[in-house]
Amino acid sequence: MSVGTPIDRIEGRLKVTGAADYTSDRILDGMLYGIPVGSTIAAGRVVRVDAKDALAVPGVVAVYDHTNFETLHSHGRSSLKDGIVDEHRAPLSDDDVQYYGQYVALVIAHTLESAQEGAALVRVTYAPSAVRNAPITPDEGERKLGSHRGDPDAAFAASAIKVDQTYRTPVETHNPIELHATVAAWEGERVTLFETSQAIVNHQRVLTEMLGAKSDNVRVLTHYLGSGFGGKLWPWPQSPLAAAAARKLGQPVKIVITREQMFMNVGHRPKTAQRVRISAGTDGRLTSLQHDSTNHTNMLDDYDEDCAEATTYFYSVPNLRVTSGVAKRNVGSPTSMRGPGAVPGLFATESALDELAIALNMDPLALRLRNVPQRDEGLDIPFTSCHVAECYELGAQKFGWDQRTAAVGSMHRDGMILGWGMAGCSWIADRLDCEVRVELSPGSARVFCAVQDIGTGTYTMLAQIASDALGLPVRDVTISIGDSSLPPGPMSGGSMATASVIPPTIAACKDALHKRERAAAQETVVGYGRSNGTFGGEPKKSSHSFGAHFIEVTWQPEIARLRVRRVVSVIDGGKIINPKTARNQIEGAIVFGVGMALFEETRYDPRTAAPLNRNFADYVVASNADHPAMDVTFLDYPDYDLNPLGARGVGEIGLAGVAAAITSAVHHATGVRVRDLPVTIEDLIGR
Amino acid sequence: MTRAASLDDALRAAASSQYCAGGTTLIDLMRQDVMRPERVVAINRLPLTSIDTTADGGLRIGALATNSDVAHHERVRADYRVLSEAILSGATTQIRNMATTGGNLLQRTRCIYFRDPHSACNKREPGSGCPAIAGYNRNLAVLGTSEHCIASNPSDQNVALMALGAAIDVRSVAVTRTIPIDQFYRLPGETPEIETVLEPGELIVGVTLPPMRGWRSHYLKLRDRQSYEFALASAAVAVRLDGSTLADVRIALGGVGTIPWRTPAAEAALRGATVSRDAFRAAAEIALRDARPQSENGFKIELAKRCLTQALIEVTA
Amino acid sequence: MTVKGDEPIVGEKLATSLMVNGNLYNVDVDSRTSLLDFLRETLGLTGTKKGCDHGQCGACTIHINGQRTLSCLTFVAMHDGDEITTIEGLATGDELHPVQAAFLEHDGYQCGYCTPGQLMSAAAMLDEPWGPDDADVAEAMSGNICRCGAYQRIVAAIQAVRQAKAIS
Chain A
1 MSVGTPIDRI EGRLKVTGAA DYTSDRILDG MLYGIPVGST IAAGRVVRVD
51 AKDALAVPGV VAVYDHTNFE TLHSHGRSSL KDGIVDEHRA PLSDDDVQYY
101 GQYVALVIAH TLESAQEGAA LVRVTYAPSA VRNAPITPDE GERKLGSHRG
151 DPDAAFAASA IKVDQTYRTP VETHNPIELH ATVAAWEGER VTLFETSQAI
201 VNHQRVLTEM LGAKSDNVRV LTHYLGSGFG GKLWPWPQSP LAAAAARKLG
251 QPVKIVITRE QMFMNVGHRP KTAQRVRISA GTDGRLTSLQ HDSTNHTNML
301 DDYDEDCAEA TTYFYSVPNL RVTSGVAKRN VGSPTSMRGP GAVPGLFATE
351 SALDELAIAL NMDPLALRLR NVPQRDEGLD IPFTSCHVAE CYELGAQKFG
401 WDQRTAAVGS MHRDGMILGW GMAGCSWIAD RLDCEVRVEL SPGSARVFCA
451 VQDIGTGTYT MLAQIASDAL GLPVRDVTIS IGDSSLPPGP MSGGSMATAS
501 VIPPTIAACK DALHKRERAA AQETVVGYGR SNGTFGGEPK KSSHSFGAHF
551 IEVTWQPEIA RLRVRRVVSV IDGGKIINPK TARNQIEGAI VFGVGMALFE
601 ETRYDPRTAA PLNRNFADYV VASNADHPAM DVTFLDYPDY DLNPLGARGV
651 GEIGLAGVAA AITSAVHHAT GVRVRDLPVT IEDLIGR
Chain B
1 MTRAASLDDA LRAAASSQYC AGGTTLIDLM RQDVMRPERV VAINRLPLTS
51 IDTTADGGLR IGALATNSDV AHHERVRADY RVLSEAILSG ATTQIRNMAT
101 TGGNLLQRTR CIYFRDPHSA CNKREPGSGC PAIAGYNRNL AVLGTSEHCI
151 ASNPSDQNVA LMALGAAIDV RSVAVTRTIP IDQFYRLPGE TPEIETVLEP
201 GELIVGVTLP PMRGWRSHYL KLRDRQSYEF ALASAAVAVR LDGSTLADVR
251 IALGGVGTIP WRTPAAEAAL RGATVSRDAF RAAAEIALRD ARPQSENGFK
301 IELAKRCLTQ ALIEVTA
Chain C
1 MTVKGDEPIV GEKLATSLMV NGNLYNVDVD SRTSLLDFLR ETLGLTGTKK
51 GCDHGQCGAC TIHINGQRTL SCLTFVAMHD GDEITTIEGL ATGDELHPVQ
101 AAFLEHDGYQ CGYCTPGQLM SAAAMLDEPW GPDDADVAEA MSGNICRCGA
151 YQRIVAAIQA VRQAKAIS
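Going down the list, the sequences are from chains A, B and C. When the first sequence is numbered by our numbering, its final residue is 687 and no position is left out of the sequence of numbers. When the second sequence is numbered by our numbering, its final residue is 317 and no position is left out of the sequence of numbers. When the third sequence is numbered by our numbering, its final residue is 168 and no position is left out of the sequence of numbers.
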């Protein structure tokens, strides 16, 4: 039995020897290098692009702008079926500039150095217009009413114990180490696109339309992805730029964007402003919950972060209302970033619960246990399963929570003040459409699916699942993924890929075994499996993962040093296919959460709307020395409603709730309640 | 690019050129389009790497001695510990293996407006203005600023060298001279584009440290994350104790000044004082007395006071 | 990178002789080319990765004359006569370096993109003067950012190698 065992990643050797082929590693004969040039205004028009000096650089082959490029078709953000893109305007399609850094030209050259030289010599003249850049408020924008039940206004007014606060999360930028890249190579009408994509099937659909091509002629490949955290789900403008330039010039074109462009041209988590009104009886039972949130979006697209995504079901409360709105600003298009919606949303609601616990003079853990949902009260349907109470209890026990003294600054160790905080968390558990083909030969098998491994361990899990289903050792199972010409697979987003591939993989293996019974001894047989997704449907049961984080921070006021030292997390994430890779996912998400809580913020210039700290030194992510000691436990209860193995995805649940648990701990140590992330030194010692 | 084979080669090639040793500042800024030399003179092969005891018991460090070699050198660890700690708190091992003592002396500010070629910046383009003053200035200076420039000096090594009273040996085709470090850096004033007293073509060839027998020294660096980040505030301290009395003391602050910031008034207040937290905090108040906060970095004043107080506690413990 | 004035410049070529993973290369290189771009685009040794091109992430870590350094922040032309080791040269034939084997066992990676840089740093730090604790290893490795956050495992993998070395 392989499923459930912590085997090494099957592609591990390729990764540790530098042999895994990532997109920007591709070198093709006659390949040209492309460098996009970004605007230095956030709003206005391009008046003129002067390419004279750039074209004079030896090695520069072409300079494109909106006056001389191919027509690309814009693609509206529609649906999974039709293809999703967050920045739907095609690059270089007109003289309109809507955000700082928007691509206004493309330089193509024989060498990287010539292209860089040329790009620096492109001179652009603009007619700037007024920049929309104001801070956002929680009630801004046309309000959309979401889930609601009971009469929250009346219940809030009638309750003696209540909290009414606004919580803010800043712009966060994904910043995977791998830069977004595209290598486009045409052969006649057929194009191969090596992409950095978390969703190659979707990418193929979108690019087919943008290029005005036939679907059969467009192939997207991502064998290995240097992660994405949601930012590489949907196509970004360097992709159609490279593809169209390659078509125009008749030679392959590689574009690898710069780290600066990673802050401007490939999406970000939008800033949120969220007002939470929560009330309870003196017994700690919640009487009302209201969650009103706004996120910024860019001028041309309407990206809704959906902050209240978990609010509607994660708490047992009879009176509830959620509203949302978007505030248009001159900024690049926001996009999904690890745990969109519930991650910033749970920061707000779990922080409010922490404040409510103090108002109640109640242990924050006890407050959670008092209000554990027994069913999805928002949709009024049962959960497939929910073991969050056990997450809280087991986590508390492992952490030693009963040793906590509630008074601020009351706990010490080694001359440092301790802060102990906690929070609950939840994330969706759904499936997407998926097809799998299995070729079974005597003693070996090959599994084919157009899914991708973004570091989450998909290669290995597929091998484990097929190994069990076929009765073959893992080493005799080969996995072919990352190619859009294979049977269509799910995106690696929303933590849905694993649950999606399980049913069709098992079905394809069964089909292959069945066919083998009727085949000749040495024949290779082919089995097929297909399953429909659950995501976006009308469920009979509500399917989610749940968890709890218990966090210790240390505070040394004499040097104003705050550090996250110790984290205990307990996750109800279904059956765990591979405990080694799954635990790594949760730990990595906790580290991501340390960054979210303590360090990360993309700052924009109030006058120019340029992202000011657009590099890896000034946008601070957690370094190795920042990681706490992490103890992760999986309850490992299978959720058979989702698939025959009972597995859910665990890529995002680990991040949800971490920031609130950290600010809860920070308050316990310092008495400072931080409602605007990130927590900074000046929050704690004064400005 | 000229790849200099000898010191004379390098000095002769210097006109309208930029020296390149480790490259960790130059290449970074060239790629930002901030520094635009017509020609680069690669000096990484010159025989300027040795670290030797001087006749009076001090230490001479060749300009091309790497940060790593200096930080781990047994004499530096023994007698100039603040320098070792400062270097090891900066950057990362990979960068310290490449960065040179001379190059580090000339490390440039991290101000994001300086580093953005599309932005106004009086240091990069004199007269164009300083957007930092009303803009993003959280990591910039509170000491030594002017209305033309508030850029902070980000180095750790140089703060330690300032506290140690280093002397900088410089050569050009015509001139050989030694510059005490407290005369090496220029305040921005009305000419923020001039950062040091080096004349065009001059090359730093070495750094000399005075003998420091009987002194204890220490470096404390405070920043947002635990590693791989420039200082928000740092303190280099060196003390000579006579029982629990401070016979002599030297202090320099980092992260808060437009140049590495020696604090003679604070030193004077501590000379002859008895070791105590209160005395240290009082000296720290003096050290930051002239600090002027910008819109976002006022917290650095209190942070620097705590940093200096704690550094003095630790070095006298 | 531009030059002063508006005249475009031809990339000057400099004869450079250097060893990479035990192989000698005599090449004429563009003076502007970084060691990283030379390794990747000219030699096709794409194991070393570009994460930022400004010395801020560590993904491009290689060894020059046995010391770990960043290949993005140096010109290839300045390394005439030097010995470069990249991730492709870390293993000995089919036999993985102990840190490579330890990363496999401890799952010291997720997406694998920062991994070559992590491994080159890890291999080098075994011979550097660091204290024995996990915190020492974490500090030693802080010049390699892992956005996937596999830090706890990277430290565990390296400590396992150090303990095995100490015993043997």
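Keep in mind that the hints were calculated from the coordinates and are not lab data. Even glycine gets a Cβ: it sits at the ideal position worked out from N, Cα and C. Do not take every clue at face value.
Said to hold, decoys possible - Simulated restraints, written as ranges between beta carbons of each label pair:
#1 Glu12(C) / Pro47(B): 21 to 27 Å
#2 His72(B) / Asp28(C): 55 to 61 Å
#3 Val47(A) / Gly189(B): 55 to 61 Å
#4 Asp28(C) / Val47(A): 38 to 44 Å
#5 Ser480(A) / Pro47(B): 52 to 58 Å
#6 Gln403(A) / Glu83(C): 52 to 58 Å
#7 Arg277(B) / Leu379(A): 33 to 39 Å
#8 Glu187(A) / Val173(B): 57 to 63 Å
#9 Gly30(A) / Glu95(C): 45 to 51 Å
#10 Ser316(A) / Gly44(C): 40 to 46 Å
#11 Asp127(C) / Pro473(A): 35 to 41 Å
#12 Gly536(A) / Gln32(B): 41 to 47 Å
#13 Asp127(C) / Arg277(B): 53 to 59 Å
#14 Glu83(C) / Val34(B): 30 to 36 Å
C-beta pair His72(B), Asp28(C): status relative to the range 55 to 61 Å that was hinted
The hinted range 55 to 61 Å is violated for His72(B) and Asp28(C), with Cβ atoms some 37 Å apart.
Supplied distance hint 21 to 27 Å, evaluated on CB atoms of Glu12(C) and Pro47(B)
holds, 26 Å
Outcome of range test on Cβ distance (Val47(A), Gly189(B); 55 to 61 Å):
Taking Cβ atoms as reference, Val47(A) and Gly189(B) lie about 39 Å apart, which means the hint is violated.
Mind checking the hinted window 57 to 63 Å against the Cβ distance between Glu187(A) and Val173(B)?
holds, 60 Å
Note whether the CB distance of Asp28(C) and Val47(A) lies within 38 to 44 Å or breaks it.
holds, 42 Å
Do the beta carbons of Asp127(C) and Arg277(B) sit within 53 to 59 Å of each other?
violated, 41 Å
Could you see if the CB distance from Ser316(A) to Gly44(C) stays within 40 to 46 Å?
violated, 60 Å
Given the range 45 to 51 Å, decide if the beta-carbon distance of Gly30(A) to Glu95(C) lies inside it.
Given a distance of about 38 Å, which is not inside 45 to 51 Å, the answer is violated.
Is 52 to 58 Å right for how far apart the beta carbons of Gln403(A) and Glu83(C) are?
Given a distance of about 55 Å, which is inside 52 to 58 Å, the answer is holds.
I want to verify a distance hint. Is the separation of the beta carbons of Gly536(A) and Gln32(B) within 41 to 47 Å?
holds, 45 Å
That 52 to 58 Å hint for Ser480(A) and Pro47(B) (C-beta), does it hold up?
holds, 56 Å
Quick check on a hinted range of 35 to 41 Å for Asp127(C) and Pro473(A), using CB atoms only.
Cβ of Asp127(C) to Cβ of Pro473(A): about 38 Å, so the range 35 to 41 Å holds.
This entry does not satisfy hints 2, 3, 7, 9, 10 and 13, going by the numbered hints stated previously.
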